[in-house]
Structures are given as C-alpha cells and as structure tokens.
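Residue numbers (my numbering), protein chains in the order written: chain A, 370 to 592; chain B, 485 to 709.
No lab work stands behind these hints, which were simulated from the structure alone.
There's no promise every hint is true.
Straight-line C-alpha distance at most 20 Å; calculated PhoX-like pairs for lysine-lysine [claimed, not checked]:
id: 1; chain 1: B; residue 1: K702; chain 2: A; residue 2: K447
id: 2; chain 1: B; residue 1: K622; chain 2: B; residue 2: K702
id: 3; chain 1: A; residue 1: K447; chain 2: A; residue 2: K374
id: 4; chain 1: A; residue 1: K381; chain 2: A; residue 2: K447
id: 5; chain 1: B; residue 1: K706; chain 2: B; residue 2: K622
id: 6; chain 1: B; residue 1: K550; chain 2: A; residue 2: K447
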Amino acid sequence: MNYWKAVFAIAKKDVISELRNREIISSVLLFAVLTLIIFHFAFTADQKTILSLAPGMLWVAFAFSGVLSINRAFISEKEDNCMEGLLASPVSRDAIFLGKAIGSIVFMLIIEIVVFPVFTLLYNVSVINPIVILVTLLATIGFVSIGILFSALAVNTRAREMVLPILFLPTVVPLIIAAVSATSVILDGGKFSDITQYMLIIVAFDIIFVTVPFILFRYIVEE
Amino acid sequence: MRRRTLIAFGISAVMIIVALVMVFIVCPTEATMGNIQRIFYFHVPVAWNAFFSFFVTFVFGIVYLKTRNPKYDFIAESSAKIGLVFATLILLTGMIWAKPIWGVWWTWDARLTSSLVMWLIYLAYFIIRSYISEEEKKYRFGSIIGIVGFIDIPIVALSIQLAPTTHPKAMIFNDGLHGTMLLTLLLSIAAMFAVYFLFMFLYYDLRTDEYEIARMKKRLLKEND
Numbered sequence: 370m371n372y373w374k375a376v377f378a379i380a381k382k383d384v385i386s387e388l389r390n391r392e393i394i395s396s397v398l399l400f401a402v403l404t405l406i407i408f409h410f411a412f413t414a415d416q417k418t419i420l421s422l423a424p425g426m427l428w429v430a431f432a433f434s435g436v437l438s439i440n441r442a443f444i445s446e447k448e449d450n451c452m453e454g455l456l457a458s459p460v461s462r463d464a465i466f467l468g469k470a471i472g473s474i475v476f477m478l479i480i481e482i483v484v485f486p487v488f489t490l491l492y493n494v495s496v497i498n499p500i501v502i503l504v505t506l507l508a509t510i511g512f513v514s515i516g517i518l519f520s521a522l523a524v525n526t527r528a529r530e531m532v533l534p535i536l537f538l539p540t541v542v543p544l545i546i547a548a549v550s551a552t553s554v555i556l557d558g559g560k561f562s563d564i565t566q567y568m569l570i571i572v573a574f575d576i577i578f579v580t581v582p583f584i585l586f587r588y589i590v591e592e
Numbered sequence: 485m486r487r488r489t490l491i492a493f494g495i496s497a498v499m500i501i502v503a504l505v506m507v508f509i510v511c512p513t514e515a516t517m518g519n520i521q522r523i524f525y526f527h528v529p530v531a532w533n534a535f536f537s538f539f540v541t542f543v544f545g546i547v548y549l550k551t552r553n554p555k556y557d558f559i560a561e562s563s564a565k566i567g568l569v570f571a572t573l574i575l576l577t578g579m580i581w582a583k584p585i586w587g588v589w590w591t592w593d594a595r596l597t598s599s600l601v602m603w604l605i606y607l608a609y610f611i612i613r614s615y616i617s618e619e620e621k622k623y624r625f626g627s628i629i630g631i632v633g634f635i636d637i638p639i640v641a642l643s644i645q646l647a648p649t650t651h652p653k654a655m656i657f658n659d660g661l662h663g664t665m666l667l668t669l670l671l672s673i674a675a676m677f678a679v680y681f682l683f684m685f686l687y688y689d690l691r692t693d694e695y696e697i698a699r700m701k702k703r704l705l706k707e708n709d
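Extracted from the complex, chain B is given alone in its bound form (with noise of 0.2 Å):
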C-alpha cells in the first residue's frame, strides 16, 4: 500500500469518528421526524459526493480525449466506480429516511427521479465499457459516456423539477438549519470527502498495477516468442 493511501486511511479515520460523535452524541435530535434524521448526516454527505465523483469523471474524460494517457482514464473511471456506489448509497439511505416519513419506500418525486435517472446512466458506464475488450477503445467510450452522462444531469434535474416535489429543498446555507446540525453536517461532508480520496488512491493503484502488469505479460510473452 503506497504512503498517500496510508495517510488517506487515517485521515479518513479520524473523521469518521469525530463525524459519528457528532451525529450520535453531541447533535440534537430534530424536532419533528426525531431520531431518523440523524440519516439526513450521511444522505446529504454522499449525495454531494457522488457528484463530485462525477463531475471527476466528466473532467478526466476530456482530460483523456486530449492527451490519450491512459492514466487519466484510470482517475476517471475511479472515480466513476466510487461514485455509483455513492448513487447506490443516496438511493437506499433516501429509501431508509422516506419509509417513515414519507410513508412509502418510494415516490416519483422530483429529486428521487433524478438520482435514479443518474444512477442508470453510470450503471451503463460500466457494463458498456465491460462489452469492449480494446484496452484504448474502452477508455475512449469510457470518457465520451462519462461526459455525455454529466452533462445530462442537469437537463434532468431541470426538466424533473418542472413537476411538483416533496423532497425539501436545498435549505443549509438559508438559517434553515441549527448552529451544531450545519458543523455535523460539514464534518460529515468533509469525513466523505476523506472517504472519496482513500477509496480513489485504492483504486486508481489497483488499475496502474493492473496496467503495468499486462504490459509485462506482453513483452515477456514477445520476448519468448
């Protein structure tokens, strides 16, 4: 394991502790929905990452299209992976939050639609590029798909939003929310950030290994020809 990976590790650590007391200790419990928003702490947390993951992806795509180093595919898919499974997680921590709210698992509402909608598109990501077997042409799709799909994000929320929501809107910058609920709330963004840049170093190592590996294999399988 490299020393950034490590450092990464504890970092994330740390904060995820500190972010746990925080949530479960010091915060106060809501007024109204109780003990189930301290949900809201982790929801709102990978929300805001998994569009970062993508907005990553969106940048290294292009980033990739224009300098043809594979490396650059590597952080964008990366970060592609890292921010499905924080799709995933908005998906079932919404689901979670909903039930006893809201009363149902799920509704067709505005911002649960354009989670969804996001979900699919970078869950075709990846079974598209696992139908290509050149190396070059998957990180060439893999960053077209990638741009295409962030660009699409808004124009979906956008044309989502057109119809009337229940999902509460953005309300942590308006006063909307108490003094230690917004500090939780920014350590909790803050402890998944950590979060996003360990699983990132993980991964991105594991393709380079991966690449330099199946390098090797070719030029010894050259050489013993």
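Next comes chain A alone, as it looks inside the complex (with noise of 0.2 Å):
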C-alpha cells in the first residue's frame, strides 16, 4: 500500500470510530466548555481585564482538554488488542504515527472550532481573529504530535492516564508560552510582524517536535 494512503487510512479509522461511539469529542468537549465556565467562577472580571486573560483561558482549555483527548488516541487501540492488528498489518510504524497524529490533530481541531466561538459568546470577547486562528492552528501541530509520542508511551505503563499530564504539560510550555504571547499581541491590536519571533518558536516547535516522534515513536510500539 502506498505510504501516505496507509497514513490517511489509519487517520480515516480514527475519525469513522469517533463519529460512530462519540467516545473523545461529546466530553472532551463539554470539558472543555465547563473550564470556561470554571474560569468565570475562579475570575469574575471586567471587559477589559477578561481581554488580557483570554489567551491565557483559551490555551488552558486547549491544554487540558488536549490532553484527555491525546490520551484516548492509544488507550483506544489497547481495548481488543487492536494495537496488534495495527502493528501486524503491512505499514511502517512511523506512518501509524503519522496517521494516529492527524486523527488527534482533527479532534483537536473539533475543539477549537467550538472554544472560540463559545468563549466569544460567554465573555462577550471576541477572540475570532484570522492571525489568532493561524496561530492555534501552527500550534496544534506540533502540540499534538509530541502528546501522540507521549500517548503511546503513557498506554504502555501501569499507571496510564496518569503519565501523559505528567510528561506533556512540561514539554509543551514553548508551544504554551509563544501561543499565549502571540494571541495576546494581536488581541492587543498588533500585527503580524510583532508576532513574527513566536511565530518562529512554533514553527520550530512544529518542525522539531514532528520529526523526533517521527523516528522515536517505532522505539515505543516494538513489542
């Protein structure tokens, strides 16, 4: 089988089986929708001072809700053995990765969809914004792509689900860090070209942290 239809086959698999058992999305995104409601609760602000929070609330939504999402990825594939069917059927390793990944990064992508919008709507911010959209997307990558890596490895310990937070919330503070200044710039009222120098961590971020998992990723499903 060609390479890259392997790789959208497996992404395809992800997809069909969520849309059919809704196992990741209906609560991965209710979570998501309740910490924005937390957050009021944990905050009661003003217009302006919600402005300068709101990066901040968007990329814990994302995080948190990122990671109960990446964390079903493989703890799906453990249930009836399918991993096996996966590893014995006649595709290599690193394009399991790649279409695991793109499977996430579509989930992922579900989630912002409605974060923006419902946080739009809840605090009467609007955080819709073509260069805030951009900048989400960038960071998605490289977000999901190290937590794919780090999913994998999780499913294969006793303690599971415990171990991607552990592991992946350290790893991601770059991504964190130049998404959150990145959004709060341009909600400020800058342009893109005050954005340029995060804009580089992410992609550096993205390109780096595709290729590791890349290779590493046979090193965790070998058995």
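Combine the two chains into a complex, taking the hints into account.
Okay, structure coming up:
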C-alpha cells in the first residue's frame, strides 16, 4: 500500500470510529466548555481584564482538553488488542504515528472550532481573528505530535492516563508561551509583524517535534 | 568499592577542599552584593553539571536504542539522577541567592522558569520509569524521555527568553569577572565535575550489581524448578 494512503487510512479509521461512538469528542468538548465556565467563577473580572486573560484561558482550555483527548488515542487501540492488529498490518511504524497524529489533530481542531465561538459568546470578547486562528492551527500541530508520542508511551505503563500530563505539560511549555504571547499581542491590536518571533518558536517547535516523534515512535511500539 | 570510585573520591575530596579555600579565603568579597555572592561559585558549577548530566543521558539514550545493551541505560539513568539532584540544587541555591538580592525567593524570570521546567521534565522521567515493571521497556522508554527532554530544554529557554529578564546574562568570558574570581569559578566547576564522576561511578556500579543479582536470582529459580 502506498505510504500516504496508509497514513490517511489510519486517520480515517480513527475519525470514523469516533463518529460512531463519540467517545472522545462529546466528553472532551463538554470538558473544554466547563473549563471556560469555571474560569468565570475563578476570576470574575471586567471586560478589559478578560481581554488580557483571554489568551491564557483559551490555552488552558486547549491544553487540558488536549491531554484528555490525546490520552484516548491509544487507550482505544489497547482494548480488544487493536494495537496488535495495527502493528501486524503491512504499514511502517512511522505511518501509524502520522495517521494517529492526523486523527488527533482533527479532534483537536473540532475542540478549537467549538471553544472559540463559545468563549466569544460567554465573555463577550471576540477572540475570532484570522491571525489568532493561524497561531492556534500552527501550535496544534506540534502540540498533538509530541502528545501522540507520549500517549503511546503512557498507555504502555502501569499508570496509563496519569503519565501523559506530567510528561506532556512541561514539554509543551514553549508552545504555550509562544501561542499565548502571540495571541495577546494580536488581541491588543498588534500586527502580524509584531509576532514573528513567537511564530518562529511555534514553527521550530512543530518541525522538531514532528520529526523527533516520527523517528522515536517505532521504539515505543516494538513488542 | 571499585578502584576508580576510590580514585574519583580522592580527586573530588582534594578539589572540593581547594575550591572551598578559594571561595571563602582567597577570593575577594564582591563589591555590591557582599558575601552572599560567594554562592555563585556553587550555583554556576551546579548548573553546568546539570546540563552536562542531561546531555550524557541524551547521548546514552540514543546509544541504548541503537545497541540495546542495558549498561548504556544504566549510564543514562545514573546521569539523569545526578542531573536531577544538581537541578534541584540550582533551584535551591538560586532561591537562597535571590532572596537577599532581589527581595523574593522566586520570580518568574527566564532562567528560573526554564530551570524549573527542566527539573519537572526529569522528575517526570523518574516517576514514569517507576510505573514500568518490565526492565527492557523501562530502559527503552527512559531513553526516549531522555532524548525528547534534552531536545526540549533549548526551546524552553529560547521561548522564555522572549520575556524580559532580571537574571544576569552569562558574563564569565566577556571580561566581566575579576581574575581571582574567574580562577575560583573554574576550580569550582572542575571540583563539581569530579563529584559528578564520583556519583556516576557509585550509582552505575550499584545499578550493574542490582542487574547481576536479579539475573542470578532468576537463574537459580529456574535451576530449582
């Protein structure tokens, strides 16, 4: 089978099975919206404060719901020995990695598509801006890619879903800093040229943390 | 105790005494900060050593994945353990130094934050290793975390540096340091490296012995069956 065909077949499989049982999306979406609601009780603030807190609130919602969603990526494969089937199929290990990553990126994008308007609606602060969306999209790639590597690792340990956040959250600190800072600058009325240094960090993170997991993934799923 | 450990112990003991004499007796008191500045000769060597330790973990992680010889993971793990101790000391000595000079124990400054993130990653390294029962998997996953963690450190440092900082920039080699102070610092770094190798030998030998004992036990159990 053609390499990319295999990659997209795996991604498609994840999306279809998700559409059938809605295991991840429904609960993770609810969790993301709940996070936004909890923020209201955590800091009751005026419009101006909310505007300055918005980038952080968005990324806390993305990071925590991302952990939940990425954690599920391999737990479903562990059930009924699906992982063995996947490994026995005639596709390379890195194609499995790319397929799983693309599937999880789709889920992450769905979360983001819902969180943006809900945030705007609840807090009456518009965060929907083409540059903010571009920043979020770019940051999502590296975020999910490294997450998938750690998720495959986590599911093979005794503690399972406990493992992902303690490893994943410190690792994605650069991405969160860059994405939050870039979003702040743009919401403050800055232009694209004001955030180039943050964009460079995000792109560098994406390149490094797509390549490294791509190489290392085969060492996690080798049994 | 093996011979190389005794030699490393001797060398580090002598070097530490020399470094202590330099730090507390020979070296002049710094003009603005006074005596508290002497913690510098501990803080900086410890930081260099932590980076060095994690670098060793990174290199031997790759070597382990390529060769699958457990002894390379023992080196990587021992180094990470020493690195974590050193990284803890960076944070502690940094706080002790920050309190009288900046007036606070902690500030979300670039260097402090990136040291904290580094510390958290290697703390996770050990917590996750403890969650894996199969030896071979423990080595394999440890290597992967050691590789990813080390690659992440410069990106963390770079991203955080975009924010304003109060931590002094490295000024050791741009003439910023008095001659005696530079000599003291270099001696302290050398002493800390000797300590690194002492710990490395101790812990590595411990891990290999543990491994051998486990293997012997398994063999005996099989023979008795």
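Taking the hints in turn, this is what the structure says about them:
Taking the CA atoms of K702(B) and K447(A), the gap is about 30 Å. The hint is violated against a cut of 20 Å. Taken as a hint, the K622(B) and K702(B) pair is honoured in the structure, with Cα atoms around 18 Å apart against an allowance of 20 Å. This hinted pair does not check out: K447(A) and K374(A) have alpha carbons roughly 23 Å apart, beyond 20 Å. Between K381(A) and K447(A), the direct Cα distance comes to roughly 18 Å. Compliance with the 20 Å bound is thereby established for this hinted pair.
Distance check on the hinted pair: K706(B) and K622(B) sit about 23 Å apart at the alpha-carbon level, beyond 20 Å; violated. As the CA atoms of K550(B) and K447(A) are separated by approximately 27 Å, the hinted pair breaks the 20 Å bound.
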